[in-house]
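Undergrad: Chain residues, written in single-letter form:
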Amino acid sequence: MRVVRWIVIVLGLLFAALPLVWMGLSSIKHRSDTISQHLRWIPAAEAPTEPESPAFEATLESYRDLQTVHAGAQHSFWHHLWNSVIIGVLSTIASVVLGTLCAYGFSRFRVPGEKDWLFFILSTRFMPPLAVVVPVLIMYRALDLQGSHLGLALLYTVFNLSLAVWLMKGFLDEIPRAYEEAAVVDGYSRFGAFVRVVLPEARTGIAVTAVFCLISAWNEYGFAMTLNSSGAVTVPPYFAGLQGNIEGMPWPQIAAGALIFVTPIVVFTILVRSHLLRGVTFGTVKQ
Amino acid sequence: MKRSPLCLSLSLLVASSLALLCACSKDPAPASSGGATSPQSITLWWFQWAPADGLQELGREFQKETGIEVVVEQIPLGSYQEKVFLEFGAARTRFDIVIGDSQWIGRGATKKLYLELTDWLPTVVDLKTIHPRAAKYLCEYPEGSGKWFAAPCETDAVGVAYRKDWFEDPAEKAAFQQRFGRPLAVPQTWEEFKDVAQFFQRPDAKRYGCSLPSDRSYDGLTMGVQNLLWAFGGRWHAETSNKVKGELDTPGSVAAIEFYKQLVKLGPKGAERLDYGQVLESFTNGSTAMILNYFAFFPGIHAQFGDKVGFAVVPAHQGKRVASLGGQGLSISSHIPPAQQELSKKFIAWFLQRRVQEQWITKPAGFTANADILKSPEFRAKAPYNGPFAESVDSMQDFWNVPVFNELLAVTQRYVGMAVDGEMPTEEALRKLADEKERILKEAGLL
Amino acid sequence: MGTTATVTRHRGGSAIAWSLVGPTLLLLIAFNVFPLLYNVALSFTNRELVGDESRWVGTANYTRVFSDPLFAAALRRTALFVLCAVGAELLLGFALALALVRDFRLKRTVLAIVLVPMMLSPAVMGLYWALILNGNYGVLNQVLGEIGLPQPQWLTDRDLKFWSIVVIDVWMWTPFMALIALAGLSAIPSHLYEAAEIDRASRWRVFARITLPMTAPLLGLAVLLRATDALKQFDLVMATAGPNDAATQTLSTLMYQVVFRDGKIGLGSAFACVVLVVVIALATVFTRYLDHLRRARET
Chain A
14 MRVVRWIVIV LGLLFAALPL VWMGLSSIKH RSDTISQHLR WIPAAEAPTE PESPAFEATL
74 ESYRDLQTVH AGAQHSFWHH LWNSVIIGVL STIASVVLGT LCAYGFSRFR VPGEKDWLFF
134 ILSTRFMPPL AVVVPVLIMY RALDLQGSHL GLALLYTVFN LSLAVWLMKG FLDEIPRAYE
194 EAAVVDGYSR FGAFVRVVLP EARTGIAVTA VFCLISAWNE YGFAMTLNSS GAVTVPPYFA
254 GLQGNIEGMP WPQIAAGALI FVTPIVVFTI LVRSHLLRGV TFGTVKQ
Chain B
4 MKRSPLCLSL SLLVASSLAL LCACSKDPAP ASSGGATSPQ SITLWWFQWA PADGLQELGR
64 EFQKETGIEV VVEQIPLGSY QEKVFLEFGA ARTRFDIVIG DSQWIGRGAT KKLYLELTDW
124 LPTVVDLKTI HPRAAKYLCE YPEGSGKWFA APCETDAVGV AYRKDWFEDP AEKAAFQQRF
184 GRPLAVPQTW EEFKDVAQFF QRPDAKRYGC SLPSDRSYDG LTMGVQNLLW AFGGRWHAET
244 SNKVKGELDT PGSVAAIEFY KQLVKLGPKG AERLDYGQVL ESFTNGSTAM ILNYFAFFPG
304 IHAQFGDKVG FAVVPAHQGK RVASLGGQGL SISSHIPPAQ QELSKKFIAW FLQRRVQEQW
364 ITKPAGFTAN ADILKSPEFR AKAPYNGPFA ESVDSMQDFW NVPVFNELLA VTQRYVGMAV
424 DGEMPTEEAL RKLADEKERI LKEAGLL
Chain C
-1 MGTTATVTRH RGGSAIAWSL VGPTLLLLIA FNVFPLLYNV ALSFTNRELV GDESRWVGTA
59 NYTRVFSDPL FAAALRRTAL FVLCAVGAEL LLGFALALAL VRDFRLKRTV LAIVLVPMML
119 SPAVMGLYWA LILNGNYGVL NQVLGEIGLP QPQWLTDRDL KFWSIVVIDV WMWTPFMALI
179 ALAGLSAIPS HLYEAAEIDR ASRWRVFARI TLPMTAPLLG LAVLLRATDA LKQFDLVMAT
239 AGPNDAATQT LSTLMYQVVF RDGKIGLGSA FACVVLVVVI ALATVFTRYL DHLRRARET
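Protein chains in written order, with the numbering used here: chain A, 14 to 300; chain B, 4 to 450; chain C, -1 to 297.
Honestly, the hints are just simulated from the structure, not real lab data. Misleading hints may appear alongside valid ones.
Claimed, not checked - Estimated spans, in silico, between C-beta atoms of each pair: (1) A:L31 to B:V127: 39 to 49 Å; (2) C:R106 to A:S66: 35 to 45 Å; (3) C:R106 to A:W91: 30 to 40 Å.
Said to hold, decoys possible - What the simulated footprint calls covered on chain A by chain C, stretch by stretch (three residues with Cβ under 8 Å from a Cβ of chain C suffice, anywhere in the stretch; the number is not a length): (4) 25 to 36; (5) 144 to 155.
All residues carry an ideal CB built from backbone N, CA and C; glycine is no exception.
Hey, can you work out the whole structure from these sequences and the hints?
TA: Structure, rendered in structure tokens:
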């Protein structure tokens, strides 16, 4: 039984990690090695003389090539990464702020129809993007938001609100009300108590919520590809757009870019690892 | 509460957002609005590939001469079509000129998205200098009507690239001679093409005969198959009308697809679904003897392989040779202010001049529609692919370019795909395809 | 906490309450309810992506949806996808959770690594998987070739292609199932197992009588969450096959093809409305289930 257990663990580890390891290896290859007929998996200082050798010449060329700007526009990988960062951070801040306020409202005040509202908020998470994309598109055309950072940030904010509200409500419900009451007795206004007492107590919750909002905005593809033509193209549609690239896929650059793109997410995942469960279940399950 | 790494990440987030907000306020206007902010600037849209870089370089020349800035925005190919037509839904497109695929012209013309150039174009260029095939398929709608909605930008056709070093290897030559009773040479007919492919098909040695476009997601398979379809006497629709039944479901078309089915088996494993990039990759990784692909890729191949490769026109069948047309024309958006339209016209007029076209063909993968240049011996001598290219232009044909081309293309991909995959007998697939096409055309009022 | 919360709630702050929850609710209505209604209206017209002319066409679009073999095929394929992908994720995730439930050194690190795939971008990773699975120069086939196994054409064989996408989805989402299953397993009171040991219950009996029933509610939650997500499968198919490949077309990619390639907004909206009915049904089950779970925990 012990053996089986370890086999499962090792297989799970390999299955999860190998694609990422391979991505790292691909990113330090020359393009010809990524599409070679022969398995190339041992990085070496020099190109091997044997054509069938498993070694390949390691190079950081692909990382340098990430800054290649196609003539005419700022279309290097970094430009798209920057778009992802702006949109991700703006929408994360907005959804955390709105979500925290809303959750605080539901947590501490009587709101008529509270339960219905909360389930309405949750249900928006299940909306298939393609069911709303056309009206949103028509709306964005009218408001001239198509292809702007603001447009996508707004959309992701809305998209993440359900998560933010539900997660934050869970965290806020855990903070004893006595703290605020004590603060009010000490002479703080209700708002003062919220800022000075509740928010600091909820900082873990806020951080976890922020990380989850950031990740979902960071990874989003459907809206990013349909609502943006060239103004604020984020990394996922940029990479996906290379599919069927008529000059062949620049695999090492894709691997390098993808690695840079997923690194912050991996770091954040490790940082919030003890709260992952809460995050993926909308705060309904706690460890 | 203990100081967890979370607090750290939270403070990092806040810090970075503050930095961002500062940066954002100074963020320069995105390049896409270039056309709107400066009256002396035009924005062109094309997809991401080498010729677009070349066009941008020419644009700088134009700016030097006229002071009008040219910005070529390169949109990833995967979603180029969708993006362009989404733009046309807006009151003002963010491009002034779109370098649109040949197939779009029906949609552009009938929906009044492209500015009609019929009266203006002859005032700046002698239309006779534009190769008639390029004019017919890249610029006019309906085909051959004399109504112009685009000026040729990149003229392209399908051709063959082959491993000259393999073809000239004495051992290979002897072996081929022995097996087929004739010398190993660049195939002139599809039958010869198949023999050569069969000859080089050695999967155990990781060498393959040929690879052809066969991708199903957009137009790959169709663009590959039609080279044979026309050569074998088949056609998509009647010569003078959009009638499909009795035209497409004919023995010639069936024979062509059956032949294609055999050819895709003479390639690397999985050659039933290769997009243009994958066809190219199968050649540039040194494993494949011959590929069928657009000429626009050939300069890159030549740069990589030098003398080891050769280029040729597509093979013929019983003397009939037709190359699948590629390439794009320059169309002016009707959804921009008249002043921008004037600037755009200025650029097109400048671009079509012979001296500029001569520069254009020196750019990476820049191919011209200028008939005089195509005819000139200097052009043919300049690069090994130029001669076959000029020859291909004379025989090129295109798929549908009516407004509903996309639905026609989708059903073509589907049914021809089923035939090539052996999922449906070819006759039946073509019969059903003809039915579907007539339905689509009837719905669109074209039949 | 439920009851004390109500008692100590601020009273009479209804204006403040609304100003706190109002902005969120307004945004959600503006971006969900309004588009939804608009979408329903569009589905009765022949509106196109370009051009403004559109006409009321009654239920023609719906007639077309229900008679379209592509829609039926996409519906079947999507259902198969949900069934197989979520099923495999559940099984593998549960197995992984069983293996990880006991403490060992480095458990937290192992857990963090195993969980990474579900946090990554499907569009980017799907594209990258296309390199791994490439029939000729993909690493998977090269390794298979080295050890003398057959090398299937993962992404070009029409029968395999769909399953390759399922595999990528399983790679991404097995961690999710494992995470939730692990939570369920860890919450089983150890005295139950001790009691079973005293009764000398067989290993299988312990699993069937204790482990499974105790984790089932959470697994149900996970399955519902994943099913609603898998039903929307778009990114992976786009990254590995494009929207129009008959072998892999799902509801979302078919809708994309109709709306953005063919430019038929009216028809696409009708597609969306039909799909939405299915999604709403599933979402209702989900929220009901969630409510049930919470109530069960509170009592």
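Undergrad: Enumerate the violated hints, using their earlier numbering and listing them in ascending order.
TA: 1
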